[in-house]
Amino acid sequence: MAAIDILGLAKTYSVGFWRKKPKCALQPLHLSVEAGEIFGFLGPNGAGKTTTLKLLMGLVFPSAGSARILGMEINDPQMKARIGFLPEQPYFYDYLTATELLEYYAQLSGVAAKERSRKVSEVLARVGLPDVGGMQLRKFSKGMLQRVGIAQAILHDPQVLFFDEPMSGLDPIGRREVRDLMEQLKQQGKTVFFSTHILSDAESLCDRVAIIHLGELRGVGAVADLTSSVQGQVEVVWQGNLVPASLKAFATECHGTGDTTRAVVPEANQDAVIDALRRERLRIVSVIPVRTSLEEYFVLKLKPSEAAAGVRS
Amino acid sequence: MRSVRIAHIASNTFREAVRDRVLYNLIAFAVLMSGAAILVGQISIGIERLVVINLGLTAVSLFGMVIAIFIGIGLVSKEIEKRTLYTVLSRPVQRWEFIVGKFFGLVGTLVVNTFFMAIGVFVALLWVSRRFQMADGWVLVALYFIVLQFLIITALALLFSSFSSPLLSAVFAFSLFVIGSFAEDLRGFAAMAQGAARWLATGTAYLVPNFSTLNVVSSVAHGQPVAAQLVFSNTLYALVYAGMAVSGAVLIFEHRNLK
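Residue numbers (the working numbering), protein chains in the order written: chain A, 6 to 318; chain B, 175 to 433.
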C-alpha cells in the first residue's frame, strides 16, 4: 500500500477585487509515494510545492481531486495522529519555552501524559537542543526554530513525515544533521516527503523525486534513473598539465586544475585517448562516463514552459 | 478526547494572555479603585456606596470589554497571520475544536480578571461604608451579568476574527458593543417608527446584542434587587447569542483556506 496517494489533487484560487479571476496554483496532480521512501518534491519558488503540502495537511481545500495518506482521507483525525508536518519557515508561540511548546503539541497529538516529558527531552536531544528546553522561543535563532520545528514534527513518532523546505535557515552543520536525521527516519521505516529547491539535498537523500513547475508535474522517478542517462561521453582526468596533440582533436572540453587536467571526449575515442596518455607516460587518475546530473534534469524539465511563456508574452 | 483537546487549547490561550501581561490591567484597576475610594470618602456624603459601585462595576465592564475585543479579534487572525495554526491543525485537532478552545480560553481569562476586579470593588466598598450590607449581594449579580456580556462580545470578536482583519474586526465589535448598549432605545424607536424604517429598526434591534438588559449597575448601586426571572432570561439569552456567534465562527472557519 502506498503511504501517500494523490489522485488528481488540484487547486484554483479566485483572485481580483470581485474574486472572479481564477488563478491555478496546482494542476491535477497524480502522485504515489511508497512506504519507507524518502521522496523529494522539487521545484523553483512559486512552483506549487507548499500548496500541495497545505492541501495534504487540510489547511486549504482542493478544487478537485483527493488524496489518501496511509489509506485514510486527508481530513481524518486518525490519520493526522500518524503524520508529522514541518511548515516552511515555521513560527511558534514565542511566549512558550521549547519544552512547553512540545508538551502542548504532545497533548494535542494524544501522547500519553506519563510519556510526554520523556518524549520531549528525547526529541530535543535528537535535534541538537538538549539544553535550551527552558528558554522562551522568542529568544531562539532562525536555525534553532527550524530545529524545534523538526522536533514537533517527529515528537509523536509519526509514520509519515512532511517537511516543507527543512534545510531552510540552517547552517552547513545543521543541514548535515537534518540529512542524517532523515536517513535515520528512513531506517526506522518512516516515509519522508519533503519539498526543496536545493537539488544537492534531494540528490543525496531521496529515493525518488518529483519535479513541479507552475503548478504542473513535470517529471517523477528514482534519482538513480534520472541521473544515469549516459551522454556517450567520458571524462578523463590525468596528472600533469601536458595535453597530447592527438587528444586535442577529440576533446569537447579540456582544462587544467592545479596539477591535474580534465578532458571530456566521445566514448568511441576512449581507448585512443588512453593510449595517447600512456605514450606520453602521463598517470591517468580517472575515466568516468559523463552522466546527467539532477540539476541538468531539473533545468531540462523546467524549460518547455518557459519557452511557452516566452511565446505567450 | 475532544473535550481534552479543547481544554488544552483553552489553557494555552489563557497562558498566552497571562504571558502577554494582560492581567497587568488589574494594577490600573487597583489604582483606580483605591483612588476612587479615598476621594469618594472625602467628597461625597451619604452616596459613597452608590458612587463606588457605579464606578467599580463600570470599570470592570470597560476593562473587560477592551480585553475581550482586543484579544478576541486576534484569536484566529493572528494565528493565521503568524502561521502558528499550521502545526496545530496538522494534528488530530478539528477546526471547530480550535475555535471553541480559543473561545473558552479567552472567556476563562476574563472570568479570572473579573474575579480579581470584583475583590477590588468589594474592598473599596468596605473601605467607604466600613461594613457590608445585604443589598451588596446584588453587586455579585451585576458582576455575573457583566461576565455574560463578556461571553457575547468574545463570541462576536471571534466571529469577526474568523473572516476579517484585526482592524475591521475591532471596528465591528466596538460598533456592536455601542449599538448593543442602546438596544432598548433602539427597540423603543422601532415601536414608534413607520413603514420600512420600522422593519429596519426592529430587525437591527433584535439582531444586535442587547447589552442594556445585561446592565443592572445603576439599580444595584441603588440597592434594588434583581428579579430571578431576569437572571434566568439573561443567562439563556447570553448563552444562545454567544452560542450562535461561535457557531457562525466555526461555520466560516471550517470552509476557510489558510493561504
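Think of the hints as simulated: they come from the structure by calculation, not from any bench. The reader is advised that the hints may include incorrect statements.
SDA-like, lysine to any residue: derived pairs with alpha carbons at most 25 Å apart [to be verified]: (1) B:433 / A:50; (2) B:252 / A:251; (3) A:25 / B:432; (4) B:433 / A:124; (5) B:433 / A:308; (6) B:256 / B:432; (7) A:28 / B:194; (8) A:119 / B:181; (9) A:308 / A:253; (10) A:25 / B:428; (11) A:191 / A:94; (12) B:256 / A:101; (13) A:147 / B:257; (14) A:144 / A:165; (15) B:256 / A:112; (16) A:144 / B:193; (17) B:252 / A:141; (18) B:256 / A:257; (19) A:124 / B:432; (20) A:147 / B:181; (21) B:433 / A:230; (22) A:147 / B:198; (23) B:433 / A:99; (24) A:124 / B:259; (25) B:252 / A:308; (26) A:28 / B:193; (27) A:144 / B:428; (28) B:433 / A:29.
How the hints compare with the structure:
The suggested pairing of residue 433 of chain B with residue 50 of chain A holds, with an alpha-carbon distance near 16 Å, which does not exceed 25 Å. Restraint check for residue 252 of chain B and residue 251 of chain A: the C-alpha separation of about 71 Å exceeds 25 Å, so the hint is violated. For the suggested pair residue 25 of chain A and residue 432 of chain B, the alpha carbons sit about 19 Å apart, so the restraint of at most 25 Å is met. Taking the CA atoms of residue 433 of chain B and residue 124 of chain A, the gap is about 32 Å. The hint is violated against a cut of 25 Å.
Taking the CA atoms of residue 433 of chain B and residue 308 of chain A, the gap is about 28 Å. The hint is violated against a cut of 25 Å. Under the criterion of a C-alpha separation no larger than 25 Å, the hint pairing residue 256 of chain B with residue 432 of chain B is consistent with the structure, at around 11 Å. With a C-alpha separation of about 39 Å, the suggested pairing of residue 28 of chain A with residue 194 of chain B is violated against the 25 Å cut-off. Between the alpha carbons of residue 119 of chain A and residue 181 of chain B the distance comes to roughly 18 Å, so the proposed pair stays at or under 25 Å and holds.
As the CA atoms of residue 308 of chain A and residue 253 of chain A are separated by approximately 33 Å, the hinted pair breaks the 25 Å bound. Between the alpha carbons of residue 25 of chain A and residue 428 of chain B the distance comes to roughly 22 Å, so the proposed pair stays at or under 25 Å and holds. Between the alpha carbons of residue 191 of chain A and residue 94 of chain A the distance comes to roughly 23 Å, so the proposed pair stays at or under 25 Å and holds. A threshold of 25 Å between alpha carbons decides the hint, and for residue 256 of chain B with residue 101 of chain A the separation of about 15 Å falls inside it, so the pair holds.
For the suggested pair residue 147 of chain A and residue 257 of chain B, the alpha carbons sit about 15 Å apart, so the restraint of at most 25 Å is met. For the given pair, residue 144 of chain A sits about 30 Å from residue 165 of chain A by alpha-carbon distance, which is inconsistent with the 25 Å threshold. Between residue 256 of chain B and residue 112 of chain A the CA atoms are separated by roughly 21 Å; this keeps the pair inside 25 Å, and the hint holds. Taking the CA atoms of residue 144 of chain A and residue 193 of chain B, the gap is near 15 Å; set against the 25 Å cutoff, the hint holds.
For the given pair, residue 252 of chain B sits about 19 Å from residue 141 of chain A by alpha-carbon distance, which is consistent with the 25 Å threshold. Distance restraint check for residue 256 of chain B and residue 257 of chain A: the Cα-Cα separation of roughly 53 Å exceeds the 25 Å cut-off, and the hinted pair is therefore not satisfied. For the hint linking residue 124 of chain A to residue 432 of chain B, the alpha-carbon distance of about 30 Å lies beyond 25 Å, and the restraint is violated. Distance restraint check for residue 147 of chain A and residue 181 of chain B: the Cα-Cα separation of roughly 30 Å exceeds the 25 Å cut-off, and the hinted pair is therefore not satisfied.
At most 25 Å may separate the alpha-carbon atoms for a hinted pair to count; residue 433 of chain B and residue 230 of chain A exceed this at roughly 35 Å. For the suggested pair residue 147 of chain A and residue 198 of chain B, the alpha carbons sit about 30 Å apart, so the restraint of at most 25 Å is broken. With a C-alpha separation of about 21 Å, the suggested pair residue 433 of chain B and residue 99 of chain A falls inside the 25 Å cut-off, and the hint holds. A distance of roughly 22 Å separates the Cα atoms of residue 124 of chain A and residue 259 of chain B; the hinted pair therefore holds under the 25 Å criterion.
This hinted pair does not check out: residue 252 of chain B and residue 308 of chain A have alpha carbons roughly 40 Å apart, beyond 25 Å. Using a Cα cut-off of 25 Å, the hinted pair residue 28 of chain A and residue 193 of chain B is violated, with the two alpha carbons roughly 41 Å apart. As the CA atoms of residue 144 of chain A and residue 428 of chain B are separated by approximately 34 Å, the hinted pair breaks the 25 Å bound. Restraint check for residue 433 of chain B and residue 29 of chain A: the C-alpha separation of about 14 Å stays at or below 25 Å, so the hint holds.
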